[in-house]
Amino acid sequence: MEYKITTRNEKDTLEIAENIASEKFSNMVICLEGELGSGKTVFVKGFAHALGIEENVTSPTFNLVKEYPNEELPLYHMDVYRLKGACENIGLDEYFFKEGITIVEWSDMICDCLPDERLEIKFKVIDENTRVLLFIPYGTKYEDLCQSVL
Amino acid sequence: MKDIYILSIESSCDETSMAIVKNGKQVESFTVLTQMDTHAHFGGVVPEIASRMHTENITMVLEETLKKSKIKMENIDAIAVTYAPGLLGSLLVGVEFAKTLSLVYKKPLIAVHHTIGHIYANAIDNTLTFPLLALVVSGGHTDLILMEEDYSFKLLGSTLDDAIGECYDKVARVLDLPYPGGPNIDRLAEKGLPTYNLPKPVNDETYNFSFSGLKSYIINLVHNEKQKGNSIRKEDLACSFQITATDELVRKVELALKSNFVKEFIVAGGVSANHYLRDEMKKISEKYKVKFSIPEFKYCTDNAAMIGAAAYPLFLKSKFVDFNLNAKSNVSFFE
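Protein sequences, first through last, are from chains A and B.
For the first sequence, counting from 1, position 8 maps to 7 in numbering that gives the first Met the number 0; every step adds exactly one.
For the second sequence, counting from 1, position 319 maps to 318 in numbering that gives the first Met the number 0; every step adds exactly one.
No lab work stands behind these hints: they were computed from the structure.
Take these hints with a grain of salt, some might be off.
DSS-like mimics (lysine-lysine), calculated; alpha carbons at most 25 Å apart, straight line [to be verified]: (1) A:Lys123 / B:Lys282; (2) A:Lys10 / B:Lys199; (3) A:Lys83 / B:Lys281; (4) B:Lys199 / B:Lys327; (5) B:Lys281 / B:Lys225; (6) B:Lys281 / B:Lys24; (7) A:Lys123 / B:Lys225; (8) B:Lys227 / A:Lys97; (9) A:Lys83 / A:Lys23; (10) B:Lys233 / A:Lys83; (11) B:Lys282 / A:Lys121.
If you want the footprint, here are the derived chain B segments under chain A, 3+ residues with CB under 8 Å [what the hints assert, rightly or not]: (12) 169-177; (13) 294-300.
Yeah, the Cβ is synthetic: ideal placement off N, Cα and C, and Gly gets one too.
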């Protein structure tokens with residue numbers, strides 16, 4: 000089952016992220032695909048905000064992972080744009096089971112290294128402000144999640 | 000007064016560095032082992048690899064640093080270490096190493112904030128004069144800070160979205176330039192002309208910055224041109240971007256110099272290695288007749304010499320920490 004949602008502005012994308020964050024669980028993995036400027040980091044901002052993370056979320060451009068410590072569930076924010084498949088033996092997969100939430104930007108670059116169960120979101124730019132978000136859940140947990148919030 | 004020698008350690012990201020700094024000013028010995036080549040292969044710093052390499056390198060870096068100076072461990076007055084912010088795993092290697100040295104050689108331990116370190120890179124071979132205005136520009140920061148006196152930090156303004164270094168990196172990405180993007184844009188810009196008309200970042204009169212609009216505009220511009228089948232004049236776009244971004248920094252610095260009485264203006268952080276920025280910041284300080292300081296290139300990027308310089312004022316105030324010191328990925332130091 001796939002879910003298609005159109006967002007008309009940043010605020011819409013932030014809201015969707017907040018809704019998904021409301022159903023958070025330990026070792027949750029969310030994979031974001033879409034070109035530069037399509038709203039991936041905006042989504043992470045909304046998600047982090049809902050988790051109660053006050054720090055300003057920016058792309059983990061220089062470090063592939065940015066860790067946001069948080070009492071309940073820490074957030075691991077990855078940008079693997081430049082990895083292009085070379086993700087073995089570098090410890091990124093450890094984050095998926097670290098009892099936090101991992102959000103991976105440009106996850107299509109490391110398809111082989113992603114966990115079997117995950118939520119994939121594809122961002123498509125329609126015009127300057129409009130985006131189409133395609134949600135693809137893998138595994139029952141993520142299917143249930145999509146059913147309850149989308 | 001007796002000369003004070005501080006052995007300092009920096010391992011917050013991908014550089015393992017140590018230094019011995021005399022009286023917070025003179026660098027007696029200085030070693031940097033960079034992991035840049037390894038991480039360039041991955042296109043960014045991989046946290047797990049970084050901390051592994053720090054562990055492998057740190058004792059070698061200590062030996063090298065001691066060997067280069069005439070000072071023996073016995074004559075060191077204190078051990079200083081970066082405890083925040085940065086990659087937790089990387090910071091921990093430095094912090095635990097510093098604690099061990101402190102315990103074994105019975106030396107007091109000083110915890111230094113990485114960004115304060117960058118600011119105090121300007122205290123190397125220089126006497127800071129207060130009140131002072133500091134511009135911190137890096138991959139994670141774009142801050143204007145007022146220092147009324149030594150070790151007092153008042154945040155005047157900072158970026159509301161992307162840091163300047165982050166913006167540089169994304170523009171490099173859209174222009175297909177390799178990692179690290181900043182220095183590559185700097186080089187390319189020198190060959191170009193500012194022919195692209197880019198929107199000026201926020202035009203308000205606060206001390207805050209915003210670079211995401213400029214970033215998005217360039218991304219859209221490149222996409223649109225590609226879709227139309229037009230080619231991008233990369234040199235010219237790099238040049239136009241660099242001038243637009245730097246001019247905004249200069250404008251806010253000028254605002255701050257106009258309304259705050261300062262005796263010195265300093266620039267700090269990784270982006271202070273940018274050539275165009277260095278020239279423009281020097282010009283604005285000359286216009287306002289304030290003393291100007293910007294670190295030598297080797298002290299612009301992450302290094303332990305700056306940590307030794309920043310530890311000195313803490314040593315004088317006996318602000319030592321105990322072995323409960325822990326690495327932190329993020330701590331604010333503003334009042």
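A quick look at each hint next to the structure:
{"no.": "1", "hint": "A:Lys123 / B:Lys282", "in the structure": "violated (44 Å)"}
{"no.": "2", "hint": "A:Lys10 / B:Lys199", "in the structure": "holds (24 Å)"}
{"no.": "3", "hint": "A:Lys83 / B:Lys281", "in the structure": "violated (41 Å)"}
{"no.": "4", "hint": "B:Lys199 / B:Lys327", "in the structure": "violated (36 Å)"}
{"no.": "5", "hint": "B:Lys281 / B:Lys225", "in the structure": "violated (38 Å)"}
{"no.": "6", "hint": "B:Lys281 / B:Lys24", "in the structure": "holds (22 Å)"}
{"no.": "7", "hint": "A:Lys123 / B:Lys225", "in the structure": "holds (17 Å)"}
{"no.": "8", "hint": "B:Lys227 / A:Lys97", "in the structure": "violated (45 Å)"}
{"no.": "9", "hint": "A:Lys83 / A:Lys23", "in the structure": "violated (28 Å)"}
{"no.": "10", "hint": "B:Lys233 / A:Lys83", "in the structure": "holds (23 Å)"}
{"no.": "11", "hint": "B:Lys282 / A:Lys121", "in the structure": "violated (47 Å)"}
{"no.": "12", "hint": "169-177", "in the structure": "holds (count 3)"}
{"no.": "13", "hint": "294-300", "in the structure": "violated (count 0)"}
In terms of the numbered hints stated before, the structure departs from hints 1, 3, 4, 5, 8, 9, 11, 13, listed from lowest to highest.
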